[in-house]
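Work the whole structure out from these sequences, hints included.
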Amino acid sequence: MAVRNSVDQLLKSKAGGALPPLWFILGDEPLLAIEAQDSIRRAAFANGYTERKSFSFEGNADYSELYEALGDMSLFGEKSLIEVTFPRSTIGRNGPEAVKAMIKAADETKIVVVSLLQYDWTTEKKDWFIALKNNAKLISAEPIPRNWLPLWITERIQAVSGQALSAEAADFIAEKTEGNLLATLQEIQKLTLLCQKPEIDLNDVIDAVSDVSRFDQEALFIAFLEGDAGRVSKIIDSLEAENIQIPSFLWRLSDDVRRMILHKQGRKFSSFGIDSNHIFALKKAAGRTTLKRLELILHRLSEVDRLSKGLFVEKSDGNAWQELKAACLLLAAKKR
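Numbering (the numbering used here), first residue to last: -7 to 328.
Among these hints, one or two may not hold up.
What the hints assert, rightly or not - With a straight-line Cα cutoff of 27 Å, these simulated BS3-like cross-link-like pairs (lysine-lysine) come out:
1) Lys276 <-> Lys256
2) Lys260 <-> Lys276
3) Lys284 <-> Lys260
4) Lys125 <-> Lys96
5) Lys276 <-> Lys307
6) Lys125 <-> Lys45
7) Lys45 <-> Lys260
8) Lys92 <-> Lys117
9) Lys92 <-> Lys276
10) Lys71 <-> Lys117
11) Lys182 <-> Lys117
12) Lys317 <-> Lys168
13) Lys92 <-> Lys45
14) Lys129 <-> Lys118
15) Lys118 <-> Lys92
16) Lys92 <-> Lys71
17) Lys129 <-> Lys71
18) Lys168 <-> Lys182
Calculated directly from the structure, the hints in this document are not laboratory data.
In structure tokens form, the structure reads like this:
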């Protein structure tokens, strides 16, 4: 059921043989999409695909760099991995022809991985979508339904540590992490470190797993980047009730906003020395907003820092927590 397992199982079945040249990752569940991409990438590099080029296109984008990459012929016989992300199904009038070119170019010298994050039923009727599904290895990265989560959690713990998990314990974890797979994975990793028993039951989980519904600082960073306004508001209220000191975590929010600003100005996220999960979340967040708004958010966060230290800020009611909430909710607002 888990995407990583399905990709790895497929790659394992191809051990010693040619890798599928064309992949189609469909869905916007961050953890599953990242793990699918990472599995394909590792297999490609292990099989001599030493060049990697990544693109993201939306709307009436210029596909000229993609065509150039698809047509490149290495003088030294190097094989390449080409990754293309469509954040939404609005790929522009030139997009369908680019999809045709990717399908045609994928061969033993070029592995092409196409990721479509957000789409609806109308997209499924489009010729370019149907062509990708018919020609590529299709990998689902759709959100996992709540009733499937306990099974996913059980399988993941088995894969991570070889431990068994009771049904009650799996359901407890699913309830407390509220379907956030990144948070769920963090809790699984913590649980396997704290509990060394071959079989983990509900009491073990209650003792070891934090109640994510209380929302900690890590949850705020995730909700902030996801633009989940309701969750951001609830988490900040919870942190205030727990008397958490704002400066203890504000720097991380500010750092992420600075990274997105630098990205908008031309710098690659990969240059910041952060992991692939973090990069993926930052890319999605940056794609939803503008440079002007990010600069405003950073300014507001600096005012929050001053207020939290008891300093005066003009045109403010002096409530650092409310100002923090307002600054964070700016990232959740739709791009204009």
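(request) Starting from Lys92, check that the Cα of Lys117 is at most 27 Å away, please. (result) Holds, because 16 Å separates the two Cα atoms, which is no more than 27 Å.
(message) Next pair to validate is Lys92 with Lys276; report whether the Cα-Cα distance is within 27 Å.
(response) OK: Lys92 and Lys276 at ~26 Å, within 27 Å.
(request) Sort out whether Lys260 lies within 27 Å of Lys284, counting only the CA atoms. (result) holds (19 Å)
(message) Hint check: Lys45 vs Lys260, CA-CA at most 27 Å. Holds or violated?
(response) Roughly 13 Å separates the two Cα atoms, so the pair holds.
(message) Check the hint pairing Lys276 with Lys307 against an upper bound of 27 Å on the C-alpha distance.
(response) This hinted pair is violated, its Cα atoms lying about 32 Å apart.
(message) For a C-alpha distance cap of 27 Å, please report whether Lys276 and Lys256 respect it.
(response) This hinted pair holds, its Cα atoms lying about 12 Å apart.
(message) Just to be careful, I want the Cα atoms of Lys118 and Lys92 compared with a cutoff of 27 Å; is the pair within it?
(response) At roughly 13 Å apart (the allowed maximum being 27 Å), Lys92 and Lys118 satisfy the hint.
(message) Please verify whether Lys92 and Lys71 have alpha carbons no more than 27 Å apart.
(response) The hint holds at about 20 Å.
(message) With the threshold set at 27 Å, check whether the alpha-carbon distance from Lys71 to Lys117 stays at or below it.
(response) violated (33 Å)
(request) Mind checking the alpha carbons of Lys125 and Lys96 for me, to see if they're no more than 27 Å apart? (result) Given that 27 Å is the threshold and the Cα spacing comes to 14 Å, the pair holds.
(request) Sort out whether Lys45 lies within 27 Å of Lys92, counting only the CA atoms. (result) Since the Cα atoms of Lys92 and Lys45 sit roughly 18 Å apart, the hinted pair holds (cutoff 27 Å).
(message) So if I understand the rule, the pair passes when the alpha-carbon distance is 27 Å or less; does Lys260 with Lys276 pass?
(response) holds (14 Å)
The structure shown violates the earlier hints numbered 5, 10 and 11.
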